[in-house]
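**Q** For reference, the chains in residue letters:
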Amino acid sequence: MTMPPVKQTFNFGSFLSARSVMGTTIHDLGQKYDNVWALVADTGGALAAFHKDFPDRFIDVGIAEQNCAGIAAGLALEGNIPFIAGMIPFMTMRACEQVRTEICYQDLPVRMIGTGGGLTSGGGSTHNAMEDIAIMKSMVNMTVLSIGDPNMIKDILHQSMTYPHPMFVRLAQGKQDRVLYEPGTKEFGIGKGLVAREGKDASIIAHGEMVFEAIETAKTLAAEGIDVRVVDMYSIKPLDKELLFKTIKETKNILVWEDHLMEGGLASTISDALVDGAVKPKHFKRLGIPQAYAGFGSGPEQRKKYGYDRETAATAIRAMLQK
Amino acid sequence: MADPKEVQRLEDLAYEMRKKLLNLCGHYEGAVHIGGDLSMTDLLIGLWHHGLNVDPKDIRKPTRDRFILSKGHGAVCMYIAMSLRGFFDYDDILAKYGKLDSPYGMHVCKVYLPSAECSSGSLGQGLAVAVGMAFSARQKKQGHRVYCMMGDGETCEGEIWEAANTAASYKLGNLIGIVDKNNQLMSSFAGEAMSFEHYSDRWKAFGWDVIDIDGHDMAQIVDALDSVPPITHQRPTVIVANTIKGKGVSFMEKVVGWHAGSLSKVDMEKAIADVEAAHAKARSAR
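Going down the list, the protein sequences come from chains A and B.
For the first sequence, the working numbering assigns the number 323 to the last residue and increments by one with no breaks.
For the second sequence, the working numbering assigns the number 609 to the last residue and increments by one with no breaks.
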């Protein structure tokens, strides 16, 4: 079957479906490794090619996420590498205990890739993913990544083939994701972060969809003479502490911006690392989802309503530099 | 029909196992899930000493039949059944059970016993894992079966039926479920809180072949294990074994308080005397 082509021409901010990059990548891995399996709970669209070419390694369990996690564990116990693709709230919450007890407790190389990170799903609070990072990072042996740039998923999934632990990968909306990096120009790695834009006055540390928002905000501030660095901290657990401490040392002012509850996500991870490491930024502020169950609307509309949009971020940076 | 000599050999092993279980229960300071251990003792002897293709010299032999104890609180029962086959040393289990860093804990734990097939303890999760293993075996064209021992109480969990649905939908004939149907949960009898009526029909309705047996009749256990279909069969099989919680000990049988407990020396001796008397009676009837 011909695969949907993955756009390789670089055009910053253009849309690309992270789900189709994921589907193409898992198909490639399935071709290369005969122990790669794909599992879905009625969400198999992006894996149609895998299903067609490797039907005996594709399982659609219907709408049954707990079972899906358990079956993945059984496959992994037999030396397979199962990739579960689905919607974040159900794979992380409905199947929470199965992920913890069947996958993490036994330290099995299951990869969970979820779409709809933060308030991007449009489905309201049943479908929003605002607790997933807090839940997943609390599990022993679990690795947690949040990927904005759709091409990054390809490198990370290839690297995961030699990674012996469970992994949760949060994608943003999944259908229309912003291309951030020219393919081949950045190195991605589990446990690493990267500087998406250089700057010296302050840093925005973000993950997922908020990296694009941060770059756009940095552009706005640049016009005012404020030079903002943007760090894409896509590996939330393990955290790239070296990059974090270097960022604080060099830019002093930190804004952590994420499409997740303000408590329990990247900001909390960073806050822990700073306290434990006795590293003190001049200013530290976090932007994200407050304690609220959001309704409906687009991502930008909701971010504005809940106070973590571009304007709020720009105001926060300006305020830091005035103090 | 089961070979009477084989049945007697297994009955003698089950007798040894009950005594060893009760001895451990009388020596361990904490609670042992003795009620559900005694209800599946005959089944585990049938499995580990007759039904399963396993090799005590190589616990992880690739061609072995896989056995998942979904009712993980019966871990010590499985360890003792396996020790009688030579996988573990009973005295080692007795000395270490439940102690710090022990390989033999209350629930099966791969962290401390890496040779275990699968960690368990959280109820209702084993069948899905067994389904995953059965998928893998079929895809790799391996000849072994995957067996999963469940308690009837844990089949209140929804995940059991999600997995049952998947196994039948994907025609996993290499998967064998066993339900230790002792008609008790931790705190109630079947029918008091939750209904277990038409129990075998539930599995049939999900597309499974069902073998109903008396789980304390070794000839029936052997016959059931001998009659499981070839792995190419188009339906999974479940053996619904009707059992008695606390089987063999007069003061434990069908008593809710004996879901778990520890035995005083006097009670341990009384319990072992019950088991010895029942076995002597059975032997004289042979």
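Because the hints were derived from the structure by calculation, they are not lab data.
Warning: the hint list may mix true and false statements.
[As the list claims (entries may be wrong)] Computed footprint of chain A on chain B; a stretch qualifies when at least three of its residues, placed anywhere within it, have a C-beta under 8 Å from a C-beta of chain A:
#1 344 to 351
#2 455 to 462
#3 479 to 485
[Said to hold, decoys possible] As a list, the in silico EDC-like pairs of lysine to aspartate or glutamate whose alpha-carbon atoms are at most 20 Å apart:
#4 K433/B <-> E97/A
#5 K280/A <-> E242/A
#6 K285/A <-> E216/A
#7 K252/A <-> D201/A
#8 K494/B <-> D42/A
#9 K384/B <-> D272/A
#10 K494/B <-> E520/B
#11 K433/B <-> E78/A
#12 K604/B <-> E339/B
#13 K464/B <-> D240/A
#14 K463/B <-> D240/A
#15 K186/A <-> D272/A
#16 K463/B <-> E242/A
#17 K464/B <-> E78/A
#18 K137/A <-> D34/A
#19 K494/B <-> D60/A
#20 K285/A <-> D240/A
#21 K464/B <-> D388/B
#22 K464/B <-> D201/A
#23 K463/B <-> D60/A
#24 K463/B <-> E78/A
#25 K464/B <-> E242/A
#26 K463/B <-> D201/A
#27 K433/B <-> E216/A
#28 K494/B <-> D56/A
Only a predicted model underlies this, so the values are computations on that prediction, with no experimental measurement involved.
Where is the CB? At the ideal position from N, CA and C, for every residue including glycine.
**Q** Which of the listed hints are broken here?
**A** 1, 9, 10, 13, 14, 15, 16, 18, 22, 25, 26 and 27
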